[in-house]
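Just so you know, the protein sequences line up as chains A and B, in that order. So the first sequence is residues 1 to 317, counted in the numbering used here. So the second sequence is residues 318 to 634, counted in the numbering used here.
Bear in mind the hints are in silico, worked out from the structure with no lab data behind them. Mixed in with the good hints, there may be bad ones.
Cβ-Cβ distance ranges computed for the label pairs, FRET-style [stated by the list, open to error]: (1) R11(A) x E355(B): 23 to 31 Å; (2) T336(B) x F277(A): 46 to 54 Å; (3) T336(B) x R271(A): 31 to 39 Å; (4) A613(B) x A175(A): 45 to 53 Å; (5) D8(A) x E355(B): 33 to 41 Å.
Chain B side only, calculated, beta carbon under 7 Å to chain A, not exhaustive [unchecked claim]: (6) I327; (7) T329; (8) F359; (9) T361.
Heads up, the beta-carbon is just placed ideally off N, CA and C, and yes, glycines get one too.
Protein chains: 2
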Amino acid sequence: MTEFGLIDHIRTLCETLPTAGFEGIGDDCAVLPIGHDEALVFTTDLLCEGVHFLRTATPPGELGGKSLAVNLSDVASMGARPVATLLSLALPADATGEWAQAFTEGYCAASERYGTALVGGDTTGSESGITISVTAIGRAPLAHLKRRSAARIGDHIFTTGRLGGSAVGLRDLLAGQLDTQAAVLHRNPVPQIEEGIWLGRRMEVHAMMDLSDGLGSDIRHIMEQSHVGAAIDLDRIPRADGADLQTALGGGEDYQLLFTAEAAQAEKLARDFERDFGRPLYDVGRITDVNSKVPAQPVWLQNGIPQSVDFMGFEHF
Amino acid sequence: MTEFGLIDHIRTLCETLPTAGFEGIGDDCAVLPIGHDEALVFTTDLLCEGVHFLRTATPPGELGGKSLAVNLSDVASMGARPVATLLSLALPADATGEWAQAFTEGYCAASERYGTALVGGDTTGSESGITISVTAIGRAPLAHLKRRSAARIGDHIFTTGRLGGSAVGLRDLLAGQLDTQAAVLHRNPVPQIEEGIWLGRRMEVHAMMDLSDGLGSDIRHIMEQSHVGAAIDLDRIPRADGADLQTALGGGEDYQLLFTAEAAQAEKLARDFERDFGRPLYDVGRITDVNSKVPAQPVWLQNGIPQSVDFMGFEHF
Numbered sequence: 001m002t003e004f005g006l007i008d009h010i011r012t013l014c015e016t017l018p019t020a021g022f023e024g025i026g027d028d029c030a031v032l033p034i035g036h037d038e039a040l041v042f043t044t045d046l047l048c049e050g051v052h053f054l055r056t057a058t059p060p061g062e063l064g065g066k067s068l069a070v071n072l073s074d075v076a077s078m079g080a081r082p083v084a085t086l087l088s089l090a091l092p093a094d095a096t097g098e099w100a101q102a103f104t105e106g107y108c109a110a111s112e113r114y115g116t117a118l119v120g121g122d123t124t125g126s127e128s129g130i131t132i133s134v135t136a137i138g139r140a141p142l143a144h145l146k147r148r149s150a151a152r153i154g155d156h157i158f159t160t161g162r163l164g165g166s167a168v169g170l171r172d173l174l175a176g177q178l179d180t181q182a183a184v185l186h187r188n189p190v191p192q193i194e195e196g197i198w199l200g201r202r203m204e205v206h207a208m209m210d211l212s213d214g215l216g217s218d219i220r221h222i223m224e225q226s227h228v229g230a231a232i233d234l235d236r237i238p239r240a241d242g243a244d245l246q247t248a249l250g251g252g253e254d255y256q257l258l259f260t261a262e263a264a265q266a267e268k269l270a271r272d273f274e275r276d277f278g279r280p281l282y283d284v285g286r287i288t289d290v291n292s293k294v295p296a297q298p299v300w301l302q303n304g305i306p307q308s309v310d311f312m313g314f315e316h317f
Numbered sequence: 318m319t320e321f322g323l324i325d326h327i328r329t330l331c332e333t334l335p336t337a338g339f340e341g342i343g344d345d346c347a348v349l350p351i352g353h354d355e356a357l358v359f360t361t362d363l364l365c366e367g368v369h370f371l372r373t374a375t376p377p378g379e380l381g382g383k384s385l386a387v388n389l390s391d392v393a394s395m396g397a398r399p400v401a402t403l404l405s406l407a408l409p410a411d412a413t414g415e416w417a418q419a420f421t422e423g424y425c426a427a428s429e430r431y432g433t434a435l436v437g438g439d440t441t442g443s444e445s446g447i448t449i450s451v452t453a454i455g456r457a458p459l460a461h462l463k464r465r466s467a468a469r470i471g472d473h474i475f476t477t478g479r480l481g482g483s484a485v486g487l488r489d490l491l492a493g494q495l496d497t498q499a500a501v502l503h504r505n506p507v508p509q510i511e512e513g514i515w516l517g518r519r520m521e522v523h524a525m526m527d528l529s530d531g532l533g534s535d536i537r538h539i540m541e542q543s544h545v546g547a548a549i550d551l552d553r554i555p556r557a558d559g560a561d562l563q564t565a566l567g568g569g570e571d572y573q574l575l576f577t578a579e580a581a582q583a584e585k586l587a588r589d590f591e592r593d594f595g596r597p598l599y600d601v602g603r604i605t606d607v608n609s610k611v612p613a614q615p616v617w618l619q620n621g622i623p624q625s626v627d628f629m630g631f632e633h634f
């Protein structure tokens, strides 16, 4: 079974369970309305040694910050403000001392930076590698929450930043170059928290998610959940320094936001964003009707002409 | 650093973080008041292959049920009703197929049994063993929540069931006897959900927690958080079949509730519990003033005479 096969299996099993007032699986976070037009959102991520990080390539303090950041990114991608996290650590004997101390210091320093409480967790021994599990809780007015299912035909598709930088950094790390700008960025991703909350308040923003697996893969989640197609303009993909097109579209862990916005408001939205954040939004394509021939695939355009390429993102197994 | 040393380190680091309206670390769950005199509670637990379970000794379906049950037990121990969970799985290549399918089927069947939604999660590959992370969310009237810090001098100390059965079952499993009654119980613990909610409604119940590490160790959390002492009557410890006193006090994973109740109401409480659940409460001791000589130690009584023994619980590293 692939990762997404297992998720589908779980989704089918869940169909008969009570909902307890939650919205179902399908977004970056689960949503629980709590009255007064407010909602809490919940997300959780695992980081495993040897899969998501190498102990030799990532100082524990930076890994602590990254473990937090990737979860807060999921909260931000809903338009919510992250408020608290729970942190669990499975530690082999050689990581319970200095490593654990530096990791938790990095985690708590990042919590301070992003304004989140640490409200619980679990620690245990491990017979093998280090495993880190973080659950993040966010809060937002219900009306500000953005879902993957809200894209509409004609929407412009935006990203909040250049893409592929994290993948370039990972390549540097694996080549033993630990100190390049890209390698530092890969180890220290910045969740787009204020950007996400700002976009949450804009009613012309429809669907939103964060880019964790790469635009080429992630846009499909919006297409699938919104029952729409997408045409992506390859000439307009903003590439990070050193990233070719393949890397920009297929490289994961950029943690920029990917969202769609009402065409009539798109230009003003981009102007306002640049005014408030001092950097541009990147308009990379349009939401279209479903492509009846290849419904799961966006149409890739170069000079306006469809290309027959496939930019796959990252699957975890 | 020991497990509790690391937790203390994290607690110190957290002191300068915002609280975001949450009560601090120290109970089985974190508590977030959400208005209308209601609160949500949150807890999370890791289960690691080779530490918490052996793949050869635990069928995946049963492990799925247990992963849920141990988290719901933490929610129940606050007097709250569990409403939803998030489930994360790190799976080595040889566990992504049938094993994962059976595990998630067991998890969802147990979710149905206990009435909880499955609202999110994460799946990833693992370079080593299986790791399972569950976060559980509960809901309760604020006034019904029980905390470890609420014990008062003179309170009776109760458990909701006999102790040591899970440790006897673990011993059987490790000896290759997979089908004894105790081994089945060890693999299929039953969270005391209705019992916890029932006790939550009783104002004469003061402090409460669940027995995951063993009474000998767990009672110290109530002592520490409530700034009290405890005298435990060794003659009154209810032992599971096959459990000696050491096993009943030091064996973990019984997932019975441990709580304290106002002396004047204790007898009526026990009568009402037996009427509603068809089984007794066990009155095992009294909350006392702090023992100024050995503040971290309960006094162990046999025929009313203090004994110089130490019943240590389980530490995870």
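Results for each hint:
no., hint, in the structure
1, R11(A) x E355(B): 23 to 31 Å, "holds, 29 Å"
2, T336(B) x F277(A): 46 to 54 Å, "violated, 29 Å"
3, T336(B) x R271(A): 31 to 39 Å, "holds, 38 Å"
4, A613(B) x A175(A): 45 to 53 Å, "holds, 52 Å"
5, D8(A) x E355(B): 33 to 41 Å, "holds, 34 Å"
6, I327, "holds, 5 Å"
7, T329, "violated, 9 Å"
8, F359, "holds, 6 Å"
9, T361, "holds, 5 Å"
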